[in-house]
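One line per chain: the protein sequences are A and B, in this order.
Quick note: the first sequence uses the working numbering, first residue 177, plus one each step.
Quick note: the second sequence uses the working numbering, first residue 103, plus one each step.
Any given hint could turn out to be false.
[To be verified] With a straight-line Cα cutoff of 25 Å, these simulated DMTMM-like cross-link-like pairs (lysine to aspartate or glutamate) come out:
hint : chain 1 : residue 1 : chain 2 : residue 2
1    : B       : LYS338    : A       : GLU484
2    : A       : LYS210    : B       : ASP231
3    : A       : LYS287    : A       : GLU254
4    : A       : LYS287    : A       : ASP261
Hints in this document: simulated from the structure, not taken from any laboratory.
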Amino acid sequence: MTTPLDAAEPAVQAAGSGDGRPAYRGTLRYALSKAGGALLSIAMVIVGTFFAFRLLPGDPVRALAQGRNMTPAQLDLERHRLGLDKPLIEQFFDFVGKTLRLDLGTSYEYKRPVLDLIGDRLGATLLLAGTGLVIAVSFGLWQGIRAGWRPGSRFDRFSTGVSLVLWSVPTFWLGLLLLMTFAAGIGPIPGLFPTRGIESVDAPDGFAYVLDVGMHMVLPCLTLAAVIYAQYLMVMRSSLLDEVSQDYVTTARAKGLRDDDVRRHHAVPNALLPTVTLIFMRIGFVVGGAVTVEAVFSWPGLGQLFYEAIRVPDFTLMQGTFMLLTVAVILMNTLADVVYHVLDPRVRSA
Amino acid sequence: MTSVTWTRRRRALGRFWDTFRHERPGVIGLAVLVAAVVLALVAPLFIDESVTNVVSGTGERMAAPSLDYPFGTDESGRSILLMVWWGARTSLLIGFLAALLTIGIGTVIGIAAGHFRGWIGAVLMRVTDWFLVLPSLVTALVLAAILGGSTMTIIIAIGVTSWPSTARLIRAQTLAVEARPYIERSKALGGGHWHITTRHVLPNVAPLLLASTTLEVASAIVTESTLAFLGVSANKTSWGTMLRGSYDWGAVNQGAWWYILIPGLCIVAVVMAFTLCGRALESVLNPRLRKAGA
Chain A
177 MTTPLDAAEP AVQAAGSGDG RPAYRGTLRY ALSKAGGALL SIAMVIVGTF
227 FAFRLLPGDP VRALAQGRNM TPAQLDLERH RLGLDKPLIE QFFDFVGKTL
277 RLDLGTSYEY KRPVLDLIGD RLGATLLLAG TGLVIAVSFG LWQGIRAGWR
327 PGSRFDRFST GVSLVLWSVP TFWLGLLLLM TFAAGIGPIP GLFPTRGIES
377 VDAPDGFAYV LDVGMHMVLP CLTLAAVIYA QYLMVMRSSL LDEVSQDYVT
427 TARAKGLRDD DVRRHHAVPN ALLPTVTLIF MRIGFVVGGA VTVEAVFSWP
477 GLGQLFYEAI RVPDFTLMQG TFMLLTVAVI LMNTLADVVY HVLDPRVRSA
Chain B
103 MTSVTWTRRR RALGRFWDTF RHERPGVIGL AVLVAAVVLA LVAPLFIDES
153 VTNVVSGTGE RMAAPSLDYP FGTDESGRSI LLMVWWGART SLLIGFLAAL
203 LTIGIGTVIG IAAGHFRGWI GAVLMRVTDW FLVLPSLVTA LVLAAILGGS
253 TMTIIIAIGV TSWPSTARLI RAQTLAVEAR PYIERSKALG GGHWHITTRH
303 VLPNVAPLLL ASTTLEVASA IVTESTLAFL GVSANKTSWG TMLRGSYDWG
353 AVNQGAWWYI LIPGLCIVAV VMAFTLCGRA LESVLNPRLR KAGA
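Excised from the complex, chain B in its bound form (with noise of 0.2 Å):
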């Protein structure tokens, strides 16, 4: 039975792999974002966490890149290469841990508001239609200066202000999932709500998270670094706090532009290799979207 079972999933898997070879954008984003992770996994071998220390900058202060500093040098003389290398643990943990944040709170709510039908379902969508309707950054910004900077405030700030558009694709999958017939065999057997939503709603809307929250991880990136940006950060060095030591040590006017330039390109490299990731899993998982092409 549980070989049968085995089979048939490492087959799907062959198949969904074969099909998503063949979104290049997709390949593509997945092997920057991989070379991301890794990077960010083995940058303890290599470094620690002292070349974000103001004392330790052994070079020039805003010097242009160099042999010894490919990327040049901060304000006190820090390598920007190995800032934004050290940097890059932050900003994709943060990114990470968001996203799932994010994801976990609105399929709960998702799942929940499409499950139970009546006044519980109206609730939760009330709820997540007043959220959406909150401009998110404002909300974030917010909420991290009240809750104080700290890795886990700016992950709080960003997953509690960014749920709602996920709850809501969550509740219509429910809903269109529940309408099948099998559902209803399932409760004619005995099925509860636990049951119902737990062994048929989720590994059906399963799929769809995997894209989301591949999507999710961009935006929240971009959100950690405007939030650092703006003032509220975690006080560790991530790309979105380099920048925002661009802008406070006027790197604009000396025209420091590798101190402007290198942290915001990784910004956006990152974010483009999970966008397009999470559009050609979106592609793969829902044909109906490839047609459409946006």
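The following block holds chain A by itself, in its conformation from the complex (with noise of 0.2 Å):
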């Protein structure tokens, strides 16, 4: 179901059951079976968070306290203020009705509904991890394409041990590496690029602004793409090794096509389709990417909004951020399944 690997099953399946249905119908249905499982999850999501928040050792209100005096009365009245002294039952039931209504609660730490931090961030972590997605699903389709054409070429080797050393790069510390070169600058080396955030103190208008978000954007969109874009080239690498040795290539070569052609034409569309889901399906990890480098660079994303809420601590707003970034992979997974279905003939009438 999430795994490109389990795709092949209902494939399986397929071959044997053309019962002549119309194909829009099967989709439909197989859609809705996938946002009823779409649904559960994110009510395990909502009863997971209240659980882990409510019950696991870490009390909301010490923690809040933490550095700060505070008496016992007042401790209590914080209690009664978040609704700690409730029975648990009600507060579950509190809970869930508040979360459905997007009612994530006060942010101890801002003062403000959590609601409202996160629609201020969502846009910069939008532009960053759409950049960054962008850059790297172009980058490493294009380099899993030519590696996985020429298994064994140089430029194979080479690209495979790139992303092999990428694939064990701490996202941060080369985000740290980058950050020191580039933009403290070391040696010969100048400060090219800002240190942090998204624009300048001193911003300036119109064409100048963009310009200026652009340069903020280069090292941290650099160093998502970098630590994603290896895992791109790997899928589409034996996607297309796996589509190289079957029947229909052979064919098309024998009709005497060039070798551009079988590629562009034959291989590489049939290969796409299961990289292509990945793509959607990998977002967790871009998420978690996304976290990292936001801190790395100061990037007033929802990351960073995620990150300080876990420095500080602050429990509403941690609770908050994460329920709306899990339930986000989750619709976008489930997107995912449907889009696969939609795509590809041969799971569709399963």
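Grab the two chains, each in its own frame, and use the hints to assemble them into the complex.
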């Protein structure tokens, strides 16, 4: 369901069941069942979040009081304000009701509704993660196709090696290195890019502003893309390797097509399918990368908000951002399942 | 009887080693990783925990590498070399234990989901898929933050968030093993669930487990360093906490490259060693992968 391998299972079953139903009805039913699964997953996230934040040994009020002098009476008052003195079951229904109404509580640190804070930060994260993802995907797929078409070639060994190294490099460390080399400047290299944030303090207007944000984006985007592109490369490569030995590729070659045409019009379109789905399915990995990158580069996005919530710690904020990130990832995965179903006729009639 | 078994096992091991020997990257990885583990284990013979003590720093603050301090010093004049050496103990310990926990949970759930068809298997797979979808780093951060940072907590946070892929792998393998006729024979002879899973399925998935444990250690070390860097750490010197320190104390702006470079290189070297080793094991144990090369 969530790995490309499994996509093969329905494909096998599908081969035998060509019962001539209209395809769109199957797709609709499939989409509905996936949506049901997603709803169940989201419900599990809400329930899981509630119990994780209530039952695990950390006392939120005690944690809030860290470093602040609070009398027992003040602690009790705080407990009452947060509703922690009510019976657990009542707290649970309160929590579920509020969450469903998108009331994620008020941040202790910022004294503002969590939802507002999230709204403020959403744009920056979408900009960073979106750009990083586009770069990683286009670069990864392009390299993966080249490497997979000629396995064992110098290019293949080089790009596999590079992706292996990048796979082993912690995201934040790569960020630190880039920050040190290209932002702070070291030795003969001057500081080329800004070290933190999304815009300069005295940000200009108009086109100059776009340029300013662009300069701020270079290093974070590069870090994010470098870490995630490796897996797209590997997936594309092995997916193409699977196709190269298929009969239809041999047929295409036997027809006398040029090598480029065989690759571009025959092998790659088929190999792209599992890869494209995987782009959506690994979105959780991108989210983790974005949190780290935003923390290193002080990028004012959701990831940094979450990171601040953990550093404080601000449990209401942490819980709100956690649920939002998780639900977003679940929705993306469900979308990937459905898109795969629509794109690949082999799994459609299953 | 037993001597026959042991001879057979020894021969199998010999064959395994013969194949592994020809996987050059794997051998290099194994060498690096044996060196790292040995260095971490013998560290207490030469140094003790005081090298990580803030007040016992003997050098200049943020001094560049010199003869006395081959890798320079940090913000309180502690030797980076000694701290990296001592920190290897925490990083490797958390890496190994978290990987064991990951593999443990993954194996139990995977075999159970593959062995018990019907609703138990379905529920287990549903739970696995749910965990698989969760953004694992974000979940691990939340868990570690709630549980408070201790070595044990970090291990649990990593283990609880990274087992699902192992469970899926093991389930697939369990299904393959249980489709073989000798399992049916065993059932006909009255073998129960426990007998079948521990005596027939487990030995068959064990080689696979070895490879995935090795790969899992690599990713656990990266996760540990990331958790430490993002501020939920065991308060013990590890490579991740050192990098956190370098960030907090502005090594980036002061151009103290040794403070950032050295702990990071240690992580990359060890993680790559584990990855190379794990991939070599995978390709030795699963020749189908060797063909695909990925």
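Hints, verified against the model:
In summary, the hint linking B:LYS338 to A:GLU484 is supported, as the alpha carbons are separated by about 22 Å, within the 25 Å threshold. Our distance criterion of 25 Å between C-alpha atoms is met by A:LYS210 and B:ASP231, whose separation comes to about 13 Å. Under the criterion of a C-alpha separation no larger than 25 Å, the hint pairing A:LYS287 with A:GLU254 is consistent with the structure, at around 14 Å. Taken as a hint, the A:LYS287 and A:ASP261 pair is honoured in the structure, with Cα atoms around 21 Å apart against an allowance of 25 Å.
Going through the hint list in order, the structure satisfies each hint without exception.
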